[in-house]
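Chains as they are written, first to last, in this note's numbering: chain A, -14 to 257; chain B, 47 to 312; chain C, 579 to 850.
Treat the hints with care, as some may be off.
Claimed, not checked - Cβ pair distances, simulated, as ranges:
#1 C:617 with A:165: 14 to 22 Å
#2 A:14 with B:119: 29 to 37 Å
#3 C:617 with A:22: 39 to 47 Å
#4 B:166 with A:183: 57 to 65 Å
#5 A:160 with C:844: 36 to 44 Å
#6 C:634 with A:182: 55 to 63 Å
#7 C:692 with A:165: 44 to 52 Å
Just so you know, these hints were derived from the structure itself, not from any lab.
Keep in mind the model is a prediction, meaning the values are calculated, not measured.
Here a beta-carbon is modelled for each residue, glycine too, at the ideal position from N, C-alpha and C.
For reference, the chains in residue letters:
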Amino acid sequence: MPVTTAADGLPDWRRRTPRASLAVWAGWLAALALTIACFEFISNRTIWDFVWDAPTQGADLIERMFPPAWTYAGVLWKPMWDTINIATLGTVLAVVVGFPMAFLAAHNTTPSVLFVRPVMLFLIVSSRSINSLIWALILVIVFGPGMLAGILAIGLRSVGFVAKLTYEAIEEIDRSQVEAVTATGASGAQVLAWSIVPQIMPAFAGITVFRWDINIREATVLGLVGAGGIGMQLQASINTLAWPQVTMIFVLILGTVAVSEWLSARVRHAVI
Amino acid sequence: MLLNITGLTKRYPTGDMALKGVDLAVPKGQVMALIGPSGAGKSSLIRCVNRLVEPTSGSVVLDGTELTRLGAGALRRARRRMGMIFQEYALVERLTVMENVLSGRLGYVGFWPSWFRRFPRRDVEEAFRLLHRVGLEHMVDKRADALSGGQRQRVGIVRALTQDPQLLLVDEPTASLDPKTSRQIMRLIVELCEERGLAAIINIHDVALAQQFARRIVGLRAGQIVFDGPATDLTAEVLTTIYGEEDWSQTIRAAEDEEEPEAIPA
Amino acid sequence: MSATLFDAAAAARGWRPPPLVASPVLRYAIYLGALAYAALAIGTIEVNWTRAAEGLDRGLRFVSGFFPPDFTSKRSDIVEGLLESLTMTVVSTVIGVALSIPVAVGGARNLAPLPIYLACRGIIALSRTFQEIIVAIVFVAMVGFGPLAGMLTLSFATIGFMAKLIAEDIEDIAEEQAEAVRATGASWFQLLAWGILPQVRPRLIGLSAYRLDINFRESAVLGLVGAGGIGDTLNTSFDRYEFDTAAAVLLIIIVIVLAAEYSSSWIRRKVQ
């Protein structure tokens, strides 16, 4: 309790008791110490001569990167188109699988709280904890380099995302609408279609477009591990130190991401 | 005169003229009610006084200081002398009652003492005294969002008083409260003003309450003062000039009926 | 109402559920467009089925790598990668959050004057546009291989993420609470500390915990471009077809992500 009685018998007030305030200071100190220790670890693995050289290196890099190889753009349209397809088809895959999963996972719609829900939650968590690049790394081993691995990687990573946000939306629906539809004598599937689906549709559409936007960004780098798209060109240009080409790729990615962000903002604005 | 407002106008960027040349003088220790329909400029008027809203032209003089031309630092010092009480209480909801009360002293202490909540002992004592006065001394460590409406407004009043002001600017103090609590809050404000010799400008919707608790009433309509006089002069005719045509006989009589005293809790 | 009788039967014959897109031409154009896109996009996937058949065998070997995973034979590599990931997560979150606060304040329209607002929004947009991997490529080129590049990348990404969300939160605060603090004669910094901070603190803490979680996940892939961390270990084990070690690394990542996710959601509940 911060209210104490001072020596003169009148009440005094401090935000925290001395003990609590000591604990807070100790906490901050510990956090600071941890950060410094972690930085020390990183620092030991860093060749600082390189870092001090970074401004020169950076300036040098920029000099080599400009002007962008504008003519190289002609080669890039096809990979860029592939990249967009990877993101879109991967999102479609995630939506098709993730939508039913969300209903199986949500507390109020799952057929079995004891069995189906935990299984779904586990699948969702596994999908979410592994980055799409790692999924791509695994899938390239199986399917070989190419778009298929990319699509599946995006799909596998996005299923968890779509399912998690959708089942949270399902759990937050207005109960009274479900009651009203149930009271008309509707069957379980009818209740789902008439009271739950209409309520989550805007959220679901928003989630889908949001994920598509993220997937466009992710698809641009999947090629680094061979999973198709513009990243493969990026990897090739970096390996040959063709920096003007790299700049051109960056410019194209920047443009695509800007367009996709604008598009997804428009769609989300329209559905909400 | 404690407060002298002359030719005060306010034009919002949207082009709305909220105030059209208001002249108003408030002497020391006078509790004054400002009535008028919604959008008449009541809220703009009191916010132009402490410059939460910048006046477009005119002058506001508080105890010899011209407020409209003050720089940032001087304005902050001037604001210490004007306590403000808000309609929706405007407590910082995630802070405790005591922190909210002590926030009234922010103009007096530096940044770091306030960051570490190190207020002078005198300020803390005064805070306890005032909280006791309004019957909230046992709520010191409650978070503001755990309080009822009436309790929150009392914390709001105490916050304004810890500033040690000469003038209270009160914006619709009872608009979010039930009728009984409204009366208790109004009575508390008026009593505290009398105890400490404070002047107050109270914006209020409820004509009956205004008549009951303030001796002077100023009526504002479309940014202009259309009535200024003692509460007893508030007739149906006057209300018609302020608010427009309506059957006012019930309103005025109701105010007289409610003159019976009520129990005042703490 | 008009004099003619209301013909319920005729109205019923004419009734259809209102379609999502009102104009029939546009509606069918959208259907057709979607169909054409699907055909085109799926057509671009080139699947080498013989390669996939071979890959299936490799895929099976990868799956069997989980039974049992091999934590021991590359133990020092795993520990080193994990420590790099964890330290860069901690340092980059601390640096990123610390730097994001001034940017967020500057990026909130209700606090900052227009030029500062635009500058801060520019920083936010820059940091959010590029995928972490791409930023990491640039930092590796500047400061050399190792966890420092990863740390810089994640700090940079954290600034955009945190600053955007906190700036939005500052713009959404209850304005009258800030007004009340201003009316007491508080200075600008006191206004921040007493009027704004209490309102945004829960979200600031919650987002920091969430970002810590994200930074760890991201640290697991930065190794693919040489920016240190557990991703480096993972990539090496894939390259050498040491699937049992890769399985071990993946399991460790999932466990840590799970732990981080649970603790960050616990923290968020706690500060609400």
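For each hint, the structure was consulted:
1. C:617 with A:165: 14 to 22 Å: violated, 42 Å
2. A:14 with B:119: 29 to 37 Å: holds, 35 Å
3. C:617 with A:22: 39 to 47 Å: With a Cβ separation near 57 Å, residue 617 of chain C and residue 22 of chain A fall outside 39 to 47 Å, so the hint is violated.
4. B:166 with A:183: 57 to 65 Å: Given about 60 Å between the Cβ atoms, the range holds.
5. A:160 with C:844: 36 to 44 Å: Between residue 160 of chain A and residue 844 of chain C, where Cβ atoms are some 27 Å apart, the hint is violated.
6. C:634 with A:182: 55 to 63 Å: violated, 38 Å
7. C:692 with A:165: 44 to 52 Å: The hint (44 to 52 Å, Cβ to Cβ) holds, given that residue 692 of chain C and residue 165 of chain A are roughly 49 Å apart.
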